[in-house]
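If you're matching them up, the sequences are chains A and B in order. Under full-length UniProt numbering, residue 220 is the last one in the first sequence; the count climbs by one each step, no gaps. Under full-length UniProt numbering, residue 220 is the last one in the second sequence; the count climbs by one each step, no gaps.
Calculated from the structure, these hints are not laboratory results. Warning: the hint list may mix true and false statements.
Chain copies aren't distinguished; within one or between two, either way the pair holds.
Under the rule of at most 25 angstroms between Cα atoms (straight-line distance), these lysine to aspartate or glutamate pairs were calculated in the DMTMM-like manner [to be verified]:
1. Lys9 with Glu185
2. Lys200 with Asp183
3. Lys9 with Glu173
4. Lys186 with Glu99
5. Lys211 with Glu115
6. Lys203 with Glu99
7. Lys211 with Glu25
Protein chains: 2
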Amino acid sequence: MGETALKSKQKQITYEQIMNLEKQERVHFVNSLGGFKSIGLIGTQNKIGQTNLAIVDSIVHIGSNPPLFGIIFRPAAYERHTLENILETSFYTINHINENIFKQAHHTSARYVREISEFDVTDLNKEYKNAFFAPFVGESQVQLAMEFKEKIELTINNTVLVIGEIKAVYFPEDCLQKDGFLDIEKAASLTCSGLDSYHKTTKIDRLSYAKPDKKITSIL
Amino acid sequence: MGETALKSKQKQITYEQIMNLEKQERVHFVNSLGGFKSIGLIGTQNKIGQTNLAIVDSIVHIGSNPPLFGIIFRPAAYERHTLENILETSFYTINHINENIFKQAHHTSARYVREISEFDVTDLNKEYKNAFFAPFVGESQVQLAMEFKEKIELTINNTVLVIGEIKAVYFPEDCLQKDGFLDIEKAASLTCSGLDSYHKTTKIDRLSYAKPDKKITSIL
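My request is simple: use the sequences and hints to build the entire structure.
Pasting the structure below:
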């Protein structure tokens, strides 16, 4: 993989050209540009026990002390059932997606009405444990129990950043390494590109903590 | 890869246990939990032309119309040179990381003083083009020219969400597909897990737009 080969036929697309694309083409293109995405299935239920399951591709690490993650929710009403449940009950789960369930996970993005649970439609298993209010995905290998902390309106385009705190994590025991690193590739977690392209990963290396004038080395 | 195998020895770690971990162990652990991350090199310069290059692992898609991406910046002062340059000049670049440059990219996270450019330290090439103010990484295969739009203080832990708009995109011509999807795997872009684990990807499938009662099919 030479640099020359990579850069041989570079194309430029400007802001104006992006804005002039047909809508679906623009959505596919822009969604591809930020790199591979953090995806997960968000499990919730409302106060009367109606469950909901939604795939998200915008999970972002906010901090480790305390352990916080954010998710961006878009304005469309049909995408807001999960958000409504989170705001109503304060609890939700984040469940990693693996190769066994990625088609079902993708299917949760269909526009179902509020009364239909994506758990039922996709046949993914609701898993309740340790008295946590929201349902986990039974088939998921890494599961986070989350408590809502803050909602921030991004007025620039009417999206919402939801920040939550980890209350518990469930994961395959043999994926945890001595320094605290959880090997989610070993746990078979997938990543996504664009709106619909699912990828498994191959580790290249783990690298040493970077310091000025110190050579970066492998810590595998 | 059976579900039984995946779930055979599940371990639970609670919020309290996370908070009781030694600091570096907690940072490694929590950073692993959100899934694979969107990584990139952020190229900036200040008004007097001092350049800066910083790896980030928190790029998040905010919207496509207009095309917006967010990045989370942490409170530590040495991580703020990039943020200061963005706020001073309004312009920055996001450059995808490939296998040829991931060690250099990782090295930019070392705590250099403001006067030292990570471009110089790592020998990555500054590339200026089409009169855009901020430098691109010459070795990067997908490059975004960004204009600062908004800074949102996340008071919950003193991080900052910076939102910018895409002004131009540069990419290998043969990676663009007809429906607008940019094949960043073909462009050799990498993803990251935790703080320091770099991964290449293997596409499993692209899936059809999800609709209720319609079977999900491959669109490859």
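- Those earlier numbered hints the structure runs against, lowest number first: none
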